[in-house]
Amino acid sequence: MPAWLAGPATRVALGFAVLSLLSAAFEAPDLFSRGGIGATLRFAAPILLAGLGALWAERSGVINIGLEGMMIAGTWFGAWAAWQWGAGAGLVAGVAAGMAFGLAHGILSVTFGVDQAISGLSLNLLAAGSTRFLSSIVFVGAPGGSITTSPPVPDFATVTLPGIEALLAPAEAAGIPIVSDAAAVGLGLLTDVSVLTLAAMALVPITWWILARTRLGLRIRAVGERPEAADSLGIRPWRYRFLALAVSGGLAGLGGVYLVTVASSLYREGQTAGRGFIGLATVIFGNWNPWSVTLGSLVFGFTDALRTRQELTVGVLLLGLGGLCALIAVRRALRRDWRGAVLLGVPAAATIAWFWFVRVVPGELVSFAPHLTTLLVLAFARQRLRPPAALGVPFRREGGT
Amino acid sequence: MTRARSAGLLLAAPLVAIALALAVAAVTLAITGADPAVVLRDALAYGLRPATLIAVANKAIPYYLAGIAAAVGFHLRLFNIGIDGQYRLAAFAAAVIGAAAALPAPLHVALIVAVAVAVGWGWAAIAGLLFVRRGVNVVISTIMLNVVATGLIAYLLSPLRLAQQAAGSNNVTTATIPESGWIPSLPVPGMDGSSGAVNGFVVVAALVGVAYWFVLHRTTIGFEVRAMGFSERAATVAGIRAPRLALLTMAASGAVAGLVGLPQLLGASHRFGLDFPAGLGFTGLSVAILGRNHPVGIAIGAFVWAFLERSAQVLDLAGISREVVTILQAVIVLSIVVAYELVRRVRSRQERRYVARVAEGVGA
Chain P
1 MPAWLAGPAT RVALGFAVLS LLSAAFEAPD LFSRGGIGAT LRFAAPILLA GLGALWAERS
61 GVINIGLEGM MIAGTWFGAW AAWQWGAGAG LVAGVAAGMA FGLAHGILSV TFGVDQAISG
121 LSLNLLAAGS TRFLSSIVFV GAPGGSITTS PPVPDFATVT LPGIEALLAP AEAAGIPIVS
181 DAAAVGLGLL TDVSVLTLAA MALVPITWWI LARTRLGLRI RAVGERPEAA DSLGIRPWRY
241 RFLALAVSGG LAGLGGVYLV TVASSLYREG QTAGRGFIGL ATVIFGNWNP WSVTLGSLVF
301 GFTDALRTRQ ELTVGVLLLG LGGLCALIAV RRALRRDWRG AVLLGVPAAA TIAWFWFVRV
361 VPGELVSFAP HLTTLLVLAF ARQRLRPPAA LGVPFRREGG T
Chain D
1001 MTRARSAGLL LAAPLVAIAL ALAVAAVTLA ITGADPAVVL RDALAYGLRP ATLIAVANKA
1061 IPYYLAGIAA AVGFHLRLFN IGIDGQYRLA AFAAAVIGAA AALPAPLHVA LIVAVAVAVG
1121 WGWAAIAGLL FVRRGVNVVI STIMLNVVAT GLIAYLLSPL RLAQQAAGSN NVTTATIPES
1181 GWIPSLPVPG MDGSSGAVNG FVVVAALVGV AYWFVLHRTT IGFEVRAMGF SERAATVAGI
1241 RAPRLALLTM AASGAVAGLV GLPQLLGASH RFGLDFPAGL GFTGLSVAIL GRNHPVGIAI
1301 GAFVWAFLER SAQVLDLAGI SREVVTILQA VIVLSIVVAY ELVRRVRSRQ ERRYVARVAE
1361 GVGA
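These protein sequence lines map, in sequence, to chains P and D. My numbering puts the first residue of the first sequence at 1, with every later residue one more than the last. My numbering puts the first residue of the second sequence at 1001, with every later residue one more than the last.
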């Protein structure tokens, strides 16, 4: 097989073709529908924003377990301000609230040297408690509001690539197995995309550029690797950790704003549903690199969007996954790697058997698909990871306890 | 002199924290337009009635168990956020098996407890194995496992599978455990009726606290855990195997977590339903932080926590959102960790000054 055929692009295309044929064969309608792809984008964006937030904090050497709380603050304040003064105000308020919590994490863990996990967890508690309290004052009694929900919130504008509809819509409607699905994917990615989604995507190269190519980024990374060395060169670790935490909180807050405005149209208690923590996981999975974090958040966003799909469609996806495992298991067996073959063969057989006998995946089980994926990816992904050297270590000057 | 001063410092931390938290609560109350002094007086008057205190004690039992479970992990800086999923899955399995079993009373209760402990142990061991073998951060893996546990319970707790529709309500529950699998309440002298009795599981909780202290301070494994907590490098050099210890600790934390739902299951509801209490894991973490991982401290923390929640019922009557208490709790935790950190710094400065003085004396 020529080298270019074995590349990742070919694999993706091949996997897409197989899944497309499977979904046609079992009449699972919405695996590659325009709506499903759009939903994947909408579910991936908040995880991406949380992931980028985690990346900023961790590159400066601070684990930000409080990300979830910062996201919660973003959802509440974003919804409140958007309801009062429009979407733009919601954006500002949500980001500011996230930043405020990020700075609080800085005061606790950088200034006072409190354990970063404890500080983050208590901030999560504070965010959940205070937003509920605020809801009880502000949202209760407002039209459509209650202690757990806000009144409806305005959305951001959406954009569509001009001409794409006319170009791809006929192919989408034609009903040709692979071609129609490809057209639907294209339409899902390029029509009715929220400007906030575009902003989230734009933040990936911006984050990469700042962290990898600017003096500021170099200093943040230095503080995350060797704070003593940075300090001896006159780069004050506190300052850069505070800055990174403010950005981190702001990004998480933006993720919260995204959840209330684009992914839904109101604030709901518990709306973040652990996405801050999934964001933390994408950073580990992505080896502290913004591009891989993006890939990870797309994977988790895809599994998160499964709950909007039909149960049969998830079953077909499971079948595809089982088939992939079976394929790799057979290759392992041919190379006489019996342990690997069994390790992959058993789940492959289990998933295929499930599909054969049960066919659908019930909604209760789909609800934790992104979380299970996170666990599996962290457990089985190749562990050539290199976290920042000073991650999680509070910095104190020698002799300053 | 120095000893008295350092003991005073140790007490200063919680007092400062509580004072700070009360100040924040007063400001919050004032913002909502209530008179903080009146609210505080009413809350205390309500909270200190005997019936309320018994209710507080009953509320504090699961908090205490969750606090011990969290403290077990804290010694190795393993943050078991998964207590929540561990106890709910454990209570669910125990409810299903307990309802299906027919045994004489002590054995029946023992079976239910054993199932709960085993399920909590096993569910936590997943996170422990992922950490030891694959280096997966415990905070992240246990949070994910919580969601998986919630989904599994939602799937199994359905009239199609292991549960039934409760008569006359929207609740879906497992079958009720036969009376041989209940534990009696302990009546309090001078009080009448069901509101005057303490949940019998308080005995088990107390035993768990004693066992926790004993294992930590009187056994080899407890010594290893404490050594590892003080200095990982020193402990490793001394031949203590960190991965094995981490796995053991995580699983032990889960085993204790498995007990958290049992006061409710054995002493009150006797079945697992949609209304089974959730979120006690986070309470446990806070309570363990408040109690500084000490069995008595955790008991005090659990009681304070339960007291705050119970006396908050007065706020509803006064037309104030009781969520003020959640803020109060978060502020207490935040200020107490800061206060302890400050005290630690002051003490270490004092110690260094003391050592310097002694060294000067020797030199001269």
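Calculated from the structure, these hints are not laboratory results. Hints should not be assumed to be uniformly reliable.
[Stated by the list, open to error] Here are the computed distance ranges between Cβ atoms for each label pair:
id, chain 1, residue 1, chain 2, residue 2, range
1, D, R1347, P, A157, 53 to 59 angstroms
2, D, V1027, P, I147, 48 to 54 angstroms
3, P, I107, D, R1352, 47 to 53 angstroms
4, D, V1346, P, D155, 49 to 55 angstroms
5, P, P143, D, A1045, 23 to 29 angstroms
6, P, A157, D, A1318, 43 to 49 angstroms
7, D, G1279, P, L376, 37 to 43 angstroms
8, D, A1045, P, P154, 56 to 62 angstroms
9, D, A1318, P, D155, 36 to 42 angstroms
10, D, A1211, P, L385, 35 to 41 angstroms
[Unchecked claim] If the Cβ cut is set under 7 angstroms, some of the chain P residues that face chain D in the computed set are:
id, residue
11, F112
12, G274
13, I352
[As the list claims (entries may be wrong)] Some chain P residues flagged as far from chain D (calculated, every beta-carbon gap over 12 angstroms):
id, residue
14, G15
15, L22
16, R132
17, M201
18, R236
19, V342
Heads up, the beta-carbon is just placed ideally off N, CA and C, and yes, glycines get one too.
Quick rundown of the hints versus the structure:
1. D:R1347 - P:A157: 53 to 59 angstroms: Given range 53 to 59 angstroms: holds, Cβ gap about 58 angstroms.
2. D:V1027 - P:I147: 48 to 54 angstroms: 22 angstroms, violated
3. P:I107 - D:R1352: 47 to 53 angstroms: Given a distance of about 26 angstroms, which is not inside 47 to 53 angstroms, the answer is violated.
4. D:V1346 - P:D155: 49 to 55 angstroms: 53 angstroms, holds
5. P:P143 - D:A1045: 23 to 29 angstroms: 38 angstroms, violated
6. P:A157 - D:A1318: 43 to 49 angstroms: 45 angstroms, holds
7. D:G1279 - P:L376: 37 to 43 angstroms: Given about 26 angstroms between the Cβ atoms, the range is violated.
8. D:A1045 - P:P154: 56 to 62 angstroms: 47 angstroms, violated
9. D:A1318 - P:D155: 36 to 42 angstroms: Given a distance of about 39 angstroms, which is inside 36 to 42 angstroms, the answer is holds.
10. D:A1211 - P:L385: 35 to 41 angstroms: Between D:A1211 and P:L385, where Cβ atoms are some 38 angstroms apart, the hint holds.
11. F112: 5 angstroms, holds
12. G274: 6 angstroms, holds
13. I352: 20 angstroms, violated
14. G15: 25 angstroms, holds
15. L22: 25 angstroms, holds
16. R132: Contrary to the label, P:R132 does not stay out of reach of chain D, its closest Cβ about 4 angstroms off (not over 12 angstroms).
17. M201: 25 angstroms, holds
18. R236: With a cut-off of 12 angstroms, P:R236 remains clear of chain D, as the shortest Cβ separation is near 20 angstroms.
19. V342: 17 angstroms, holds
This entry does not satisfy hints 2, 3, 5, 7, 8, 13, 16, going by the numbered hints stated previously.
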